[in-house]
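J.: Here is how the chains run, residue by residue.
Protein chains: 2
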Amino acid sequence: MNTENKLETMRHSASHVMAEAVLSIFPDAKFGIGPAIEDGFYYDFDLPRSLTPDDLPVIEKKMGEIIKANLPFTHRELGKEEAKKLFASQPYKLELIEEIPDDKVGIYEQGNFVDLCRGPHINSTGEIKVFKLTNIAGAYWRGNERFPMLQRIYGIAFNSRKELEEYLTLQEEIKKRDHRKIGKDLDLFVFSDLVGKGLPLFTEKGSIIRRELERFVVDEELKRGYKHIYTPDLANVELYKTSGHYPYYKDTMYPVMKVDEEELILRPMTCPHHFQYYASRPRSYRELPFRIAELAKQFRYEKSGELLGLLRVRMFCLADSHIVCQKDQALDELNQVLDLIEYIALVIGYKPGENYRYRLSLGDRKDTKKYYQDDEAWDYAENVLRDVLKQRKANYFEAEKEAAFYGPKIDIQMKNVAGKEDTAFTVQYDFVMPKRFKLSYIDRDGKEKEPIVIHRSSIGAIERTMALLIEHYAGAFPTWLSPVQVKIIPVADRHLDHARKLEAEFKSRGVRVEVDDRSERMNLKIRQAQLEKIPYMVIIGDKEVADNTVSVRRRSGEQLPNQALACFLETLTAEISSKL
Amino acid sequence: MNTENKLETMRHSASHVMAEAVLSIFPDAKFGIGPAIEDGFYYDFDLPRSLTPDDLPVIEKKMGEIIKANLPFTHRELGKEEAKKLFASQPYKLELIEEIPDDKVGIYEQGNFVDLCRGPHINSTGEIKVFKLTNIAGAYWRGNERFPMLQRIYGIAFNSRKELEEYLTLQEEIKKRDHRKIGKDLDLFVFSDLVGKGLPLFTEKGSIIRRELERFVVDEELKRGYKHIYTPDLANVELYKTSGHYPYYKDTMYPVMKVDEEELILRPMTCPHHFQYYASRPRSYRELPFRIAELAKQFRYEKSGELLGLLRVRMFCLADSHIVCQKDQALDELNQVLDLIEYIALVIGYKPGENYRYRLSLGDRKDTKKYYQDDEAWDYAENVLRDVLKQRKANYFEAEKEAAFYGPKIDIQMKNVAGKEDTAFTVQYDFVMPKRFKLSYIDRDGKEKEPIVIHRSSIGAIERTMALLIEHYAGAFPTWLSPVQVKIIPVADRHLDHARKLEAEFKSRGVRVEVDDRSERMNLKIRQAQLEKIPYMVIIGDKEVADNTVSVRRRSGEQLPNQALACFLETLTAEISSKL
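Chains as they are written, first to last, in the working numbering: chain A, 4 to 583; chain B, 4 to 583.
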């Protein structure tokens, strides 16, 4: 057994120990299931009363006694009938026994507790090193809302006190950085029951960040030769039947709206709209690569249980693009796409290797149901994608059976605050849609030819990226993204006039500035500005008014030397426009 | 009879003359109706064959003969039975006779033609001064598609040849400026049957104009203290039931989308979303006026017959705003709103008085069904709006019964190319929504109070404004809005390298530039750039390469003196940033 498995076994055993402890407190407890999970374990109980957080130390204490007693785990196998007798008072266990296909029912026993269990377990309870119960939640029996609601107790267990503490520190940090908490504290976005779930309203401050990100992406893409367009949020459902998306995405698409002669539907992706633009007139090889980009609203119906702040929403804005090009332009275009992605990532604070890496997602030639059949095209496309990654010496790994139905892709695997990796967005090579939408161009030789398409995002969905950035920076955004860049703090009311003059000066230079004009103590105002994560505080007292200088403090607490206003303005506007 | 009525009578008589001419060519013609309309007349016929444009001169010639013969119009009254005998071979006329309530049937006769008609008419056909038949169209009998399709001939008639020619010149101009035609010629937007009717796709060039307009409005509003936010395109239908919009707008709203536990609907207006933002935390009097603005997507289901290019669409983007303020702040806020509207209008090329004027739209205290009941609030609001207009010495007129259900408004009445006036957008005073959404603020005295709301747009719907601007400028946009600002035209291929250098220089200064690198004659390239309405052509020949100067030509044909590149760049970038 390797270290990882040993730890998992220990965690699973801890759940049995917890069950024994609960049984000692609630002799009538009915038991659900109690598996090991990442970092710990849980067990579901049917109890005569609701648990409160105060119960956890009591259960922990009892568990400590059981561990101290170092009781052995013993394994037995029973026949079904015998097992049913043993668990006669445990309806959930009886249900599980019924489902066992053969007549061998494994049980594990320690101290006063016997459980239906396949194992394995540690030798004795004393092998449980350090553990902690973390919280209580409701959970339906078998995860099905038609069955009874049980009470689930979560715990964690580690090999050492140090590991446990590291884990708790990380959890604390994740909680502090939770974009929902920071979003509320800094007033970046709100939800309204009347508007609906999963539909965030960006506040003034959140909208500033969003607008800065959007304009940055659009301007950067324009510079790199993209045509940045606007297409409608909805379309006739025929468009998605033509693209072939409809059967794949039907379940997450909003329902069709029948109006007069049309069946309209909110779009779950942008590609078919962009293809209609491309096909709106004949195209020449001289127009290729034809790089279409859009800040495109997309609509996918997520179940309410899956919604999560700005990370999982029911409508989002994707910085989307479709590059129509000749097959032999693909390598160069893909390189330019990755250049763009890496540049944008760098500006918003993500380093390749450290914060993200690439995944080359390949198809499966044998899976003819999921993947479009064209071995030659798959070979070509997969090789091009691999070549690009190799040429760039990119940090990447390969994954089978992760391609889109129309071709292989490069996934941008982003690490979140908890260190977990997830696909943020993708770069896809598509040789199928050009056929379905009959895309073509007239080549140099006067003949009509079929292009290929690269689907890509450069910054992902704005909502999701904002959630990640809020957590990445814990709300302390770089100056160019900060909703308020400078807070002017007059020391006393008599400095207010001068503060207003400075405010106008900052504003005329395009700096987002606020004056804290309340009659409060300076230290309180500074603390408040720090809580609001404002990058610079400009403190104005008698000396500053007399000299026309500014006393500048960073949100970190660092005090800059007193300087002329013009001097600070130069440094500040340079910092903002460099986006550093 | 005044001049206007006399002209109308003459036009109506011309329709009878046209009918007589048609009868002389088609003895079996069946006649529908033939009224006077604006600028002219029409008559609907049921004929044995389809008319072609070649028929019009033949009918015109015959009409000329009838006019020359100066036949008198004579009036008679018949009983119903006698009339039915007279019109025995005219089924449409018989249908009309049946519907006459009493037994008096008026007829008018001239030459060989007798018509069922109430009149009045001119004395004799010779009084028709100048006329012209303009076109043929299909028209259902009684405008109902279940009835037969008739052939309608349109004509125009005036008191003088000069008036007729002025009219035709204007029509020619309107046709040339039609935004649908220019939009196609200049590749600004396209439609796709697969995407759906009334859902324009903005092309690269059209999107440049749109983005310039959008950023201009947003930046200007931000400067003026607006909070520019993003809220979702859809909401739970409950939101519109709360606002009271649902019963009023149900017919033009898209159908409800039922998904899981929610009933979602595409929003037909933004106010309820903005109120939810306002109400997301308690507000203090210090935060008022609270100016919320958004480039808000809105969705109204227009019938396919009413769709018209970018003017009438099924989804549009309104530069919308809602100002929550204290009642006694309204006057000042309204003044600032009109300042903004006039500033934006001026920048995009509209002058008050010349291109638009204001309409003060009042309610009707007696109409308790249509208007919210609160005499005092109506008095206050109407007076504030009137005071603002008077104070500014604005060009305005008053109109009864044109208010919104929640309060009076100022409409911005914009003139189109044809000189017709239409409401482009409005500024509304609202004392009802704050009650429905329980909006409040804590006043200086610590008490909770109810604010009022000003609804307003600053530039209207982007799509509609673009349509108006395309027609206003006939596609020759001011430089800051032009999709391509400079076209570099190398005289010969040997000047291409230098042209590329200039291109890079222009681009680095943010100028939108293109090089015409085709091996074509210079004059052809210049003509092409003029057709594309590109403000500046920079022509590069031997002299310009040698001197590093530029030879600049405006799209008007005006040739600027040869100048150093740096010099032209200065003038050009100043022109662009001043938006003149």
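Please keep in mind that the hints were generated in silico from the structure rather than gathered at the bench.
Remember, it's a predicted structure, so these values are computed and weren't measured experimentally.
A portion of the hints provided could be inaccurate.
Covered by chain B, per the in silico footprint, the following chain A stretches (three or more residues, Cβ under 8 Å) [to be verified]: (1) 235-246; (2) 304-316; (3) 328-340; (4) 537-550; (5) 558-568.
List of simulated lysine-lysine pairs, DSSO-like, C-alpha gap at most 27 Å [stated by the list, open to error]: (6) A:Lys438 - B:Lys200; (7) B:Lys226 - A:Lys510; (8) A:Lys244 - B:Lys306; (9) B:Lys33 - B:Lys135; (10) A:Lys452 - A:Lys306; (11) A:Lys208 - B:Lys441; (12) A:Lys536 - B:Lys226; (13) B:Lys208 - A:Lys452; (14) B:Lys253 - A:Lys208; (15) A:Lys450 - B:Lys187; (16) B:Lys226 - A:Lys504; (17) B:Lys244 - B:Lys65; (18) B:Lys582 - A:Lys226; (19) B:Lys441 - A:Lys253; (20) A:Lys261 - B:Lys300; (21) B:Lys187 - A:Lys226; (22) A:Lys372 - A:Lys330; (23) A:Lys244 - A:Lys261; (24) A:Lys244 - B:Lys300; (25) A:Lys261 - B:Lys330.
The following label-pair restraints were derived from C-beta to C-beta distances [said to hold, decoys possible]: (26) B:Gly544 - A:Thr426: 50 to 56 Å; (27) A:Arg497 - B:Arg389: 39 to 45 Å; (28) B:Lys261 - A:Thr426: 28 to 34 Å.
Where is the CB? At the ideal position from N, CA and C, for every residue including glycine.
J.: What are the numbers of the hints the structure violates, in ascending order?
T.: Violated hints: 3, 4, 5, 10, 14, 17, 19, 25; rest satisfied.
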